[in-house]
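Asker: Sequence:
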Amino acid sequence: MQFVNHCFFLLLSKLQIEFVFWFMFATCLLFRLISVVSLWGYLSERDCFPLKSNYTSLFFCPSGNEFIVQWSNVFLHDNPEAGGFTFQCMLNRTGEIVFSYHKIPIPVANISSVEHSVNIGISDAYYVDKLRHYYGIWQIFRTFYTYDAVHINESFVANNTAIVLRPKKNCVGAKTCAECMEARKTTEFHCTWCSTLKQCSDGFDRYRSEWLGADCNKSDITQAENCAIQKEKQEQEREQESTSGLAPWLIAVISACAIALIILGAWLVYAFTHPNSRSGLCLIQCGPGRCFKKAPDRNENHFPTDSSVYNKVVF
Numbered sequence: 001m002q003f004v005n006h007c008f009f010l011l012l013s014k015l016q017i018e019f020v021f022w023f024m025f026a027t028c029l030l031f032r033l034i035s036v037v038s039l040w041g042y043l044s045e046r047d048c049f050p051l052k053s054n055y056t057s058l059f060f061c062p063s064g065n066e067f068i069v070q071w072s073n074v075f076l077h078d079n080p081e082a083g084g085f086t087f088q089c090m091l092n093r094t095g096e097i098v099f100s101y102h103k104i105p106i107p108v109a110n111i112s113s114v115e116h117s118v119n120i121g122i123s124d125a126y127y128v129d130k131l132r133h134y135y136g137i138w139q140i141f142r143t144f145y146t147y148d149a150v151h152i153n154e155s156f157v158a159n160n161t162a163i164v165l166r167p168k169k170n171c172v173g174a175k176t177c178a179e180c181m182e183a184r185k186t187t188e189f190h191c192t193w194c195s196t197l198k199q200c201s202d203g204f205d206r207y208r209s210e211w212l213g214a215d216c217n218k219s220d221i222t223q224a225e226n227c228a229i230q231k232e233k234q235e236q237e238r239e240q241e242s243t244s245g246l247a248p249w250l251i252a253v254i255s256a257c258a259i260a261l262i263i264l265g266a267w268l269v270y271a272f273t274h275p276n277s278r279s280g281l282c283l284i285q286c287g288p289g290r291c292f293k294k295a296p297d298r299n300e301n302h303f304p305t306d307s308s309v310y311n312k313v314v315f
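Residue 1 is where the sequence shown starts when you use full-length UniProt numbering, and the numbers rise one by one after that.
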């Protein structure tokens, strides 16, 4: 067949040169078993960028709906005399994966797996963190579990051939509870809806740790009629929150009153503890209503009236 430009995700992880291992992955974690449990690829370059050694080149070529990687003239590290391998891998936005092989100089079965296993296919895993007491120290141990894998027969790989992998309809594509229940009926997966995470899953994907952490395995929805009940319950909770919450203007009034009471209380405490001050004398003689009047000027003549005692306090 003609070597097409739409090639995908080859996993001949034995094929490697100094600057790259010949598989792709999509994870922010780097660990020794990554070529076994997290095989996928994603890069964000906008053009085709070649990486070259003396004999080998690697091209990244993303487009709007596809991401293409091409390995050209790749030699086996322990058997360079076998010749160069040339192949492509393509990731499609629809989830379709295509492996295209242009030049395979020797059968894949003849590639040695002494130093590294030879794998063709895809796989993914989830991990679980557990806190354990190890030699007197509490440590977090991360265990990886491969939940699914697709292994391709080595005999399918030959010159000018392509392998196409099309995704099945699954749980993770559902975005609502109703869609999740529909996927449960129309797919082979036991899809359940987690109202806490608002996710649809069968519990076995790379987000299993979050699924278990939110107790989705205990409170999941498996029947379509429960979706309406759950939706009505959520709407009632939102209404209760909106009615029980105080209006912003009412909160502002309450806050202002509270501040005024605090200031008044502080003034009364000061007046009682400092009776010779203006505040104290005003509170004793005139009452709180006349305590904030301006004190008379020194040059003005003021005389007491009736039998009251005239007191002038200047601060």
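Just so you know, these hints were derived from the structure itself, not from any lab.
Don't take each hint at face value.
As the list claims (entries may be wrong) - Here are the simulated DSSO-like pairs of lysine-lysine, each with C-alpha atoms no more than 30 angstroms apart in a straight line:
no. : residue 1 : residue 2
1   : Lys233    : Lys198
2   : Lys218    : Lys233
3   : Lys198    : Lys130
4   : Lys175    : Lys103
5   : Lys185    : Lys168
6   : Lys218    : Lys175
7   : Lys198    : Lys185
8   : Lys169    : Lys218
9   : Lys218    : Lys130
10  : Lys185    : Lys218
11  : Lys175    : Lys185
12  : Lys218    : Lys231
13  : Lys198    : Lys218
14  : Lys130    : Lys103
15  : Lys169    : Lys198
16  : Lys231    : Lys168
17  : Lys198    : Lys168
Asker: Is Lys218 close enough to Lys233, meaning Cα to Cα at most 30 angstroms?
Answerer: Between Lys218 and Lys233 the Cα gap is close to 18 angstroms, so the pair holds against 30 angstroms.
Asker: Decide if the proposed pair is consistent with the structure: Lys175 and Lys103, CA atoms, cutoff 30 angstroms inclusive.
Answerer: The given pair, whose Cα atoms are some 42 angstroms apart, is violated under the 30 angstroms limit.
Asker: Given the hint that Lys231 pairs with Lys168, test it: the Cα-Cα distance must not exceed 30 angstroms.
Answerer: 28 angstroms, holds
Asker: Given the hinted pair Lys218 and Lys130, is their Cα-Cα distance within 30 angstroms?
Answerer: Distance ~20 angstroms between Lys218 and Lys130 Cα, so the pair holds.
Asker: Does the structure keep Lys130 and Lys103 at a Cα separation of 30 angstroms or less?
Answerer: 46 angstroms, violated
Asker: Mind checking the alpha carbons of Lys169 and Lys198 for me, to see if they're no more than 30 angstroms apart?
Answerer: 19 angstroms, holds
Asker: Do the alpha carbons of Lys169 and Lys218 lie within 30 angstroms of each other, as the hint requires?
Answerer: Holds, because 24 angstroms separates the two Cα atoms, which is no more than 30 angstroms.
Asker: Given the hint that Lys198 pairs with Lys168, test it: the Cα-Cα distance must not exceed 30 angstroms.
Answerer: Status holds; Cα separation ~21 angstroms.
Asker: Take a quick look at whether Lys198 and Lys218 sit within 30 angstroms of each other, Cα to Cα.
Answerer: 14 angstroms, holds
Asker: Given the hint that Lys185 pairs with Lys168, does the C-alpha gap stay at or below 30 angstroms?
Answerer: The hint holds at about 14 angstroms.
Asker: Could you grab the alpha-carbon distance between Lys218 and Lys231 and see if it respects the 30 angstroms cut-off?
Answerer: 18 angstroms, holds
Asker: Lys185 and Lys218 were given as a pair; does the straight-line alpha-carbon distance stay at or below 30 angstroms?
Answerer: 20 angstroms, holds
Violated hints, listed in ascending order, are 4, 14; each of the other numbered hints is respected by the structure.
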